[in-house]
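A.B. asks: Now for the letters of each chain:
There are 8 protein chains.
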Amino acid sequence: MQDKYIDLDYAKLDIDRYKRRGCSETVFCECKTNKQLIEIFSEFKNQGQNILGTRASKTQAQALKEVFSDIFYDECARTITLIQKEIEKVGEVALCTAGTGDIPVAQEALRTAEFFGSRVKSYYDIGIAGIHRLFDKIEEIRKANVVIVVAGFEGALPSIVAGLVDIPVIAVPTSIGYGASFQGLSALLTMINSCVEGITTVNIDNGFSAGYSANQINRKIEGK
Amino acid sequence: MQDKYIDLDYAKLDIDRYKRRGCSETVFCECKTNKQLIEIFSEFKNQGQNILGTRASKTQAQALKEVFSDIFYDECARTITLIQKEIEKVGEVALCTAGTGDIPVAQEALRTAEFFGSRVKSYYDIGIAGIHRLFDKIEEIRKANVVIVVAGFEGALPSIVAGLVDIPVIAVPTSIGYGASFQGLSALLTMINSCVEGITTVNIDNGFSAGYSANQINRKIEGK
Amino acid sequence: MQDKYIDLDYAKLDIDRYKRRGCSETVFCECKTNKQLIEIFSEFKNQGQNILGTRASKTQAQALKEVFSDIFYDECARTITLIQKEIEKVGEVALCTAGTGDIPVAQEALRTAEFFGSRVKSYYDIGIAGIHRLFDKIEEIRKANVVIVVAGFEGALPSIVAGLVDIPVIAVPTSIGYGASFQGLSALLTMINSCVEGITTVNIDNGFSAGYSANQINRKIEGK
Amino acid sequence: MQDKYIDLDYAKLDIDRYKRRGCSETVFCECKTNKQLIEIFSEFKNQGQNILGTRASKTQAQALKEVFSDIFYDECARTITLIQKEIEKVGEVALCTAGTGDIPVAQEALRTAEFFGSRVKSYYDIGIAGIHRLFDKIEEIRKANVVIVVAGFEGALPSIVAGLVDIPVIAVPTSIGYGASFQGLSALLTMINSCVEGITTVNIDNGFSAGYSANQINRKIEGK
Amino acid sequence: MQDKYIDLDYAKLDIDRYKRRGCSETVFCECKTNKQLIEIFSEFKNQGQNILGTRASKTQAQALKEVFSDIFYDECARTITLIQKEIEKVGEVALCTAGTGDIPVAQEALRTAEFFGSRVKSYYDIGIAGIHRLFDKIEEIRKANVVIVVAGFEGALPSIVAGLVDIPVIAVPTSIGYGASFQGLSALLTMINSCVEGITTVNIDNGFSAGYSANQINRKIEGK
Amino acid sequence: MQDKYIDLDYAKLDIDRYKRRGCSETVFCECKTNKQLIEIFSEFKNQGQNILGTRASKTQAQALKEVFSDIFYDECARTITLIQKEIEKVGEVALCTAGTGDIPVAQEALRTAEFFGSRVKSYYDIGIAGIHRLFDKIEEIRKANVVIVVAGFEGALPSIVAGLVDIPVIAVPTSIGYGASFQGLSALLTMINSCVEGITTVNIDNGFSAGYSANQINRKIEGK
Amino acid sequence: MQDKYIDLDYAKLDIDRYKRRGCSETVFCECKTNKQLIEIFSEFKNQGQNILGTRASKTQAQALKEVFSDIFYDECARTITLIQKEIEKVGEVALCTAGTGDIPVAQEALRTAEFFGSRVKSYYDIGIAGIHRLFDKIEEIRKANVVIVVAGFEGALPSIVAGLVDIPVIAVPTSIGYGASFQGLSALLTMINSCVEGITTVNIDNGFSAGYSANQINRKIEGK
Amino acid sequence: MQDKYIDLDYAKLDIDRYKRRGCSETVFCECKTNKQLIEIFSEFKNQGQNILGTRASKTQAQALKEVFSDIFYDECARTITLIQKEIEKVGEVALCTAGTGDIPVAQEALRTAEFFGSRVKSYYDIGIAGIHRLFDKIEEIRKANVVIVVAGFEGALPSIVAGLVDIPVIAVPTSIGYGASFQGLSALLTMINSCVEGITTVNIDNGFSAGYSANQINRKIEGK
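Residue numbers (our numbering), protein chains in the order written: chain A, 1 to 224; chain B, 1001 to 1224; chain C, 2001 to 2224; chain D, 3001 to 3224; chain E, 4001 to 4224; chain F, 5001 to 5224; chain G, 6001 to 6224; chain H, 7001 to 7224.
Just so you know, the hints here were simulated from the structure itself, not pulled from any lab data.
Just to be clear, a hint being listed does not mean it is correct.
[Unchecked claim] With a Cα cut of at most 27 Å, we get these calculated DSS-like pairs of lysine-lysine:
id : chain 1 : residue 1 : chain 2 : residue 2
1  : F       : Lys5137   : E       : Lys4045
2  : E       : Lys4224   : G       : Lys6143
3  : E       : Lys4121   : G       : Lys6224
4  : A       : Lys19     : A       : Lys85
5  : B       : Lys1121   : B       : Lys1089
6  : B       : Lys1019   : D       : Lys3143
7  : F       : Lys5143   : H       : Lys7089
8  : D       : Lys3035   : D       : Lys3004
9  : D       : Lys3085   : D       : Lys3224
10 : C       : Lys2035   : B       : Lys1137
11 : G       : Lys6137   : E       : Lys4019
12 : G       : Lys6085   : G       : Lys6004
13 : B       : Lys1121   : B       : Lys1035
14 : C       : Lys2143   : F       : Lys5004
15 : H       : Lys7121   : H       : Lys7137
16 : B       : Lys1143   : C       : Lys2004
17 : G       : Lys6137   : H       : Lys7085
18 : A       : Lys224    : C       : Lys2089
19 : G       : Lys6137   : G       : Lys6121
20 : G       : Lys6224   : G       : Lys6121
21 : F       : Lys5143   : H       : Lys7019
[Unchecked claim] Computed spacing ranges between beta-carbons, pair by pair:
id : chain 1 : residue 1 : chain 2 : residue 2 : range
22 : H       : Val7090   : E       : Asp4007   : 37 to 47 Å
23 : F       : Glu5222   : A       : Ser57     : 46 to 56 Å
24 : C       : Ser2057   : E       : Lys4085   : 51 to 61 Å
25 : F       : Cys5031   : C       : Ser2057   : 15 to 25 Å
26 : E       : Phe4072   : D       : Phe3135   : 36 to 46 Å
27 : F       : Cys5031   : H       : Gln7084   : 50 to 60 Å
28 : E       : Asp4070   : F       : Glu5075   : 29 to 39 Å
29 : E       : Tyr4018   : G       : Lys6224   : 29 to 39 Å
Where a beta carbon is used, it is the ideal one built from N, C-alpha and C, also for glycine.
Using the sequences and the accompanying hints, generate a full structural model.
C.D. replies: In structure tokens form, the structure reads like this:
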């Protein structure tokens, strides 16, 4: 079985995933040293796979850039991508945020969904304080296969969107807010407790997970 | 100072409040025996004051009814009222609920606001799952001096309402909901964390407090 | 706008939803009186719509049965269905539970997904304590368009399933467990925090929401 | 509908709010870059509107000052104001703090209430440890239309004030305190659970929200 | 060492405590069968010791009464006492409650403090909603050696009392309150976080513990 | 693979576990119907395996008794055992409780450890309030291979025991206690946070898990 | 009334407390600027009162030192004292810590108790992991009038001490510990839930409060 | 008794532990000054004992290195060891991590288990996202006497491992994860709530405790 992954002792690289789940393993950069990241990127690169790194700091990106000149770092999304095979983007994922502060999380979702093969269209700062901004865009949003809604504070936007569309809504709570938002807990509870049907939820600030699931649904709908 | 309240040992009845705060003390019935309630109602009745009892069980209401034939019990609101001086109702408080299950809490607010001298107009089951129901009523709601919004589950309705009106919004979370609503905690956090201005919040299921504060604001606006 | 819903004062029936979102409004029975339920069912029946009631007690079902002889009550799922237009079931939703105690929540998901037009195939009691039971079914599960995974206690099953399939996983935590499961909170956190991609989560014990979202995804994939 | 807001991609400026809700949109500065803030301030300035920025750091204020020489930055309150139309201040909002540490939150409330058109009179450090300090001021406080009470630690001051006045009390918990205050949670719970009528509550450290609601009530009472 | 307690297998009765800590062990009745309680009371009775049982249900009291005709059951306090040696009561413990609903917890404190040898003077329903009721009694309270303050809801009374007296304050939160009181958690946090010096706190509804500690302090002050 | 378990649709009986993990699957009775339990017991019985049922109500035990006359029900422990192959008990597990109220949880541990092949010696009601009771037994406890310590309230006993012995300590928090014990959460946190080495912890009230792990360690030490 | 405090706008100095409560007001330094602290110290100094500042940073101490050369700063305790009238120290407060990490909190208690007039004797690092260290000191501890017990991690030491002495125990949880200690919450819950009588508790890391209450009890016992 | 420990005032060194519990006291470095650490290491060194320091920063290690040239610092594990008597390592402890980010906690467990006399074999990054990596190693893991499983995020790995082995599993939650992992709380709850038998749990990030308990069990099994 051992040829299914590369054993680096501190990490077992799941190179088989491409066959098993249809995509490469993503590299969660947060707790890794530069040395580890370079080694991991090298191994995947040698396999000819595309690579997506998430939660990458600027310092990490710079260290990788010195070795792999062709990586792309999105500082806002904190993602690193290294593309070796062209990605065909299909269908459409709509991506909304309630406020400006939610954009970094949305960008992580965007980079992820695009990496795995979805077209993404974004609608930022259309929160409920000025609901006409949402209504203005709703017809366009309805045309997507799936919609990601990112919101902090009380996190009510996914409920509103879900009441207005007939496509799956993936809700992403963010840690943006005042005191009793408890770093996103309030928004998470709001989304989990929504009385509007058609919403499923991912972890606080986890744009990656939302982008991944949205892409998965979008591609299935497109017959991929 | 002792003449400012009646000392029943287990309770000190604040008969002075009428002068001090402009209204009688409300009787919180939940932890009181029938014997205590009857004694307390008698004392206030002797003072010629109107009486409002909250959180009253059917059994308590029946026990009081036997002694005070003129009380009115609203089983849904769980309130008991005994009116000795006619109440002049002024201005207008709008009272909304997200769902049908939130109505008992709203009714407690209604009975309270009316008891202390406000006209109340109610709009029930206009939650965000079918937001056109709210839009249909919003012009009418805007005419009130203050609006109470009662909601369980994710409790997003107060945020939506506050984004559409220019009057104070008092938000009331209810304990209605599925598992992770944690008996109203989720709705409470939503309301406290709202990114829309103009919302203040009261305790879970506390229709009384919402009705009291709404009445206070409404009457001040009416110059009372 | 008023013709879009029926106003029963305590409830505003969203009869327009059929056009707007492609399906009827579901009736959450838990906080409603028998009288209210009968009135609501009558109104929807008059519209010729199919009706799904959730969280219905046996007593409520009996009261409705006396008026509407053709309703179907699933006591385990606590759902009531009244079918007036035949439902075409398409595609396939896989439905797994970790244990026997999770079955009532799964059944709510099953009734919901079927009501809205999906074929469902269930795999019960395949939890991680005897993981060979899951492996035995995994090939079959992979053929579905989407999989619902219902689990209490530590709620680890959705993570395992997601690691083995390439279809969207909807995770449903249940309130089954010992002390520190805190009525499903532990399972909810497990699912929300999964390090495996492709999982989105709904509320504790909320089979309805899982069934609704799974159906929505399944039907979109089937081109409906 | 598009002319109701200015679309900056990362932000949709709700310039219509002035007509719709009677006041400009407030700029929450915390998660915005200097570049974004300058662009946003420019747009609103071009509309001829007054601007209030909250949660602004010293660095942000300096960056804005370089472009807009006429802004005013209150470092304690962390607010930025740019006044283009004179503001008529009416009525009176009383503003109390329990301790010295609560003053920054109170100042945010003060700047907000004044910005939207209220006169504010402040009473700082009158907490319950030396209750005679409160009694000394209570007659003056009673003359206001509404009172904001800001408190950290156990947050008991709003309850005491509410027991002594007949005007609406808006309670603001702060994150000041020792260990088990849990960054303001304890004070928030105290205020939400008050057994004294007439209190509504806003989020931890949210002076802005308190100032906004107090102003709204104050102006309505003044017939504005 | 074995002669220091009586071994009943399911319980080891600490008959030595009288010598070691100056008083008998108290019997926590809640989880014990009638048979166990009778056996335990018999053993202590044989030792000639006074007995205090707490958290005793009416049924338990009746079962014990049949065997020990001289026990005294206080239904409100849920305490059982069996006195074999006369108790000399010394000094003075003041005992306050905020509301009527807090009285059962206070009564447990009263029975406990008296059992261990303190005089107790009680002041019930003097909560902060009508603070003149407290001021009316404060001179009397100041004469005690120690004061117990029992309060539910937001639990602010101990802070107020501590600000007005120069004797130790023992605060007891109760589980009386609305939704977000979380069965006494809110009151507990309030008391623990008090910014007023001189307060220490015991568990929610734990009148026994407050009575025990107050008695201990009171007797030491009296030189016992 | 299918012959490794019996598929009852609502349950997949893991009859292979005996080979795989050295013991039969335990039946968690709590959420099962009598009909299901009888069917499950029949299947295991047919396999000739011993059966342990946990969390069994009296009613469930009676229903099973009617079919399987040879089962043994321990009402205190809420366990059902059906023994077909004699169990050899080896080594020694010490089993302590802090109080009398913790005994039901301890009994579940005892029944479990004995069922899987350990000798158990119990020491009940030796909590820290009278620590000489523990010291009196400590020499005996030290002779066991492993010790289970069961405690509610503040749950400090495992820490004390671990400081005095050189054998593994398995700590079991119970839900016995006053208000802020939060149904065992306090005791669980105490045990998890112990500064004394050699303690591992199981779930609140989970005597089964403690008994299982203690047996596993005990038997390994005995070379089984 | 105004002569009872000095009004500095941002602070109202309670100079009357000396008469009312027998001691000066303590200055909580944490949220104050150097300028404010200097002004406050000056005012109290002018009144001839002794001054105790708590939670003072090194920087604050240095700023004060430049103005008031005779202040004493204990860096470990983070207290500043300025003594103008000699303090007579009476009786005895015993002060224990479980570990070395708890010493800063204990030192704050020590400085406070001494400031208000108590003799203090400290016993550090006598936690339950090596309980013989406690037993070695217990006779000495018993001679005090009151004992403060400071502990982090699981916070079990106060329970053990209370089981061995017949004097009031004041328990102080600290924020020292591993992950699930949640910055002292675990220790706080342990102390609040103790099944041993004679313990009352103060806030996490609140050595000041413990020292204040211990002094109050100690002095009353000494007849002061 | 005093000769059983060395009294340094701020610390009482339990030199007797070697006899009493079979091993030296471990030094928790986190809250200690360099001066204290050097003194403590000196004392233990003088006793001829081996020393293990945990939670040691790089700075602390450097300070100790200057005095004790023969110490070994593992920066990843944050442990310091000073070996004076050779350690015989027996048996086998298997040590698994779910991800790369969990390795520091695992290394603390490794250093601890080795220090106290166990052979350790590690299996890193074998989490559930690619479960074939675990299956590849499971036969080897089964050969150990006990297995430690370290996991962050949802912490499901211990459950999976326990379902596949027949040796005791010690689960260690880590603080690695996204928002709602709440610094390890989610993983802790998962492990405590596992429905798979044979798991006991230690504190978040507490590799030391896991290593200690695993060593204790391993050595007992080896007859030490």
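A.B. asks: Would the hint linking Lys6224/G and Lys6121/G be met if the CA-CA limit is 27 Å?
C.D. replies: 19 Å, holds
A.B. asks: Quickly compare the C-alpha distance for Lys7121/H and Lys7137/H to 27 Å and report which way the hint goes.
C.D. replies: 11 Å, holds
A.B. asks: Between Lys2035/C and Lys1137/B, is the straight-line Cα distance small enough, at 27 Å or below?
C.D. replies: 26 Å, holds
A.B. asks: Can you tell me whether the CB distance of Val7090/H to Asp4007/E sits inside 37 to 47 Å?
C.D. replies: Cβ of Val7090/H to Cβ of Asp4007/E: about 40 Å, so the range 37 to 47 Å holds.
A.B. asks: Keeping to a limit of 27 Å between CA atoms, is the pair of Lys6085/G and Lys6004/G held or broken?
C.D. replies: 21 Å, holds
A.B. asks: Holds or violated: Lys6137/G with Lys7085/H, Cα cutoff 27 Å?
C.D. replies: 33 Å, violated
A.B. asks: Measuring from beta carbon to beta carbon, are Cys5031/F and Ser2057/C in 15 to 25 Å?
C.D. replies: Holds, since Cys5031/F and Ser2057/C (Cβ atoms, about 18 Å apart) stay within the stated range.
A.B. asks: Between Ser2057/C and Lys4085/E, is the Cβ distance one that fits in 51 to 61 Å?
C.D. replies: Since Ser2057/C and Lys4085/E have Cβ atoms about 57 Å apart, the given range 51 to 61 Å holds.
A.B. asks: Are the Cα atoms of Lys2143/C and Lys5004/F separated by 27 Å or less?
C.D. replies: 23 Å, holds
A.B. asks: Given the proposed pairing of Lys3035/D with Lys3004/D, does the C-alpha separation stay at or below 27 Å?
C.D. replies: 23 Å, holds
A.B. asks: Within 27 Å, alpha carbon to alpha carbon, are Lys6137/G and Lys6121/G?
C.D. replies: 11 Å, holds
A.B. asks: With a cut-off of 27 Å on the C-alpha distance, tell me whether Lys5143/F and Lys7019/H pass.
C.D. replies: Within the cut-off at roughly 16 Å; holds.
The structure does not agree with the numbered hints 13 and 17 stated previously, though it agrees with the rest.
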